[in-house]
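Generate the whole structure from the sequences, applying the supplied hints.
Quick mapping for you: the protein sequence lines, in order, are chains C and E.
Residue numbers are given in the numbering used here: position 153 of the first sequence equals residue 153, and the series is strictly consecutive.
For any residue, its number in the numbering used here is found by taking its place in the second sequence, counting from 1, and adding 181.
No lab work stands behind these hints, which were simulated from the structure alone.
Ideal placement from N, C-alpha and C gives every residue a C-beta, glycine not left out.
Do not rely on the hints blindly, as some may be mistaken.
[Said to hold, decoys possible] Looking from chain E toward chain C, a few residues come up when the C-beta cut is under 8 Å (computed): (1) Pro197; (2) Leu198; (3) Ala201; (4) Arg202; (5) Val203; (6) Ile206; (7) Arg207; (8) Arg211; (9) Ser214; (10) Ala228; (11) Ser230; (12) Ala231; (13) Val232; (14) Met237; (15) Leu238; (16) Val242.
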Amino acid sequence: MDLPADDARDVEGLRRGDPRAFDAVFDRYQPRLWSFLVRLTGRTEVAEELLQETFVRLAAHGRRLRPDTNLRAWLFTVARNLWRSHQRWAWLDGRRLAELASRTWGGAAEGPDQVAAASETGRAVERALQAMPDGNREVALLVLVEHLDPQEAAAVLGLSPEAVRQRLARARQAIAREIAR
Amino acid sequence: MSPDPTDPLPLAPVAPLDPARVEAIRSHARSMSARAPLPPAVRLETAASAVFAVWMLVWAVSAVIVPVHG
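Put into structure tokens, the structure is as follows:
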């Protein structure tokens, strides 16, 4: 898989500890990671916390990145793993119940407050995304929203390409059903 | 014709994070990278201290066990 030229250049900069490389990566990926995390978590305060931690990890590990690191996949992997970790802790400390309650978005107007007003189709897609199982939502967000190719998504999620294809198909079906309602 | 299974979804963009928060996050994360790795001499010293600590622990344990069982 060819890596974007900007990413390859910035990986070199990060390995040297160049703060300009960090800034370039931050500017390029912060909006995408923010969007991904808001839709993945359904809660802006959690998304904000995980976004910060993702870039803290980048800052801490930048010098140890391999020269051939796929930066985009690396960042989405960290963000997604932080969310999984957060879910486990939230379960343990009892906050899970509150999160589940807050994520039960019944109507079109009850989506995350940070998601801008959308078309009816867009709202149906948001509803479908929030209602589907976490595993399918992760795949849908990475491939259909963030435009990672399915192979990259498989690497991010630690799945086989076939598993990604199946989850993508299920996500697509769920979205189509919600739009048709 | 059926759509490409990887066609992007017709979603509205997520409202961006408050610019002040964005800069706060950037600044906080950058401060982490400002913690430069330890120079080689310090790393060596740290490793030597760790080895010494393990040796002391082994010595202390053996000093207790040997008199008891010996």
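Hint check:
1. Annotation: interface hint on Pro197(E) holds; nearest CB of chain C at approximately 6 Å, less than 8 Å.
2. For the restraint placing Leu198(E) at the interface with chain C, the shortest Cβ-Cβ distance is roughly 5 Å, inside the 8 Å limit, so the hint holds.
3. With its C-beta approaching chain C no nearer than about 12 Å, Ala201(E) sits outside the 8 Å limit, and its interface hint is violated.
4. Among the interface hints, the one on Arg202(E) holds; its C-beta lies about 7 Å from the nearest C-beta in chain C, closer than the 8 Å criterion.
5. Because the closest C-beta pair between Val203(E) and chain C is about 6 Å apart, less than 8 Å, the hint holds.
6. The restraint placing Ile206(E) at the interface with chain C holds, with a minimum CB-CB distance near 5 Å, inside the 8 Å limit.
7. A hinted interface residue such as Arg207(E) counts as satisfied when its beta carbon comes closer than 8 Å to some beta carbon of chain C; here the least separation is about 5 Å, so the hint holds.
8. Taken as an interface hint, Arg211(E) checks out: its beta carbon lies about 6 Å from the nearest beta carbon of chain C, inside 8 Å.
9. For Ser214(E), the suggested interface contact is upheld, since its CB lies about 4 Å from the closest CB of chain C, less than 8 Å.
10. Evaluation of the Ala228(E) hint against chain C yields a violated restraint, the C-beta minimum of about 18 Å exceeding 8 Å.
11. For Ser230(E), the interface hint is violated, the least distance from its beta-carbon to any beta-carbon of chain C being 23 Å, above 8 Å.
12. At a threshold of 8 Å, the smallest CB-CB gap from Ala231(E) to chain C is about 20 Å, leaving the interface hint violated.
13. For Val232(E), the interface hint is violated, since its Cβ never comes within 8 Å of a Cβ in chain C; the closest pair sits about 24 Å apart.
14. Checking Met237(E) against chain C: minimum C-beta separation of about 31 Å lies over 8 Å; hint violated.
15. The interface hint given for Leu238(E) is violated, since its Cβ lies 30 Å from the closest Cβ of chain C, which is over the 8 Å cut-off.
16. Interface restraint check: Val242(E) against chain C, minimum CB-CB distance 35 Å, threshold 8 Å, status violated.
The structure does not agree with the numbered hints 3, 10, 11, 12, 13, 14, 15, 16 stated previously, though it agrees with the rest.
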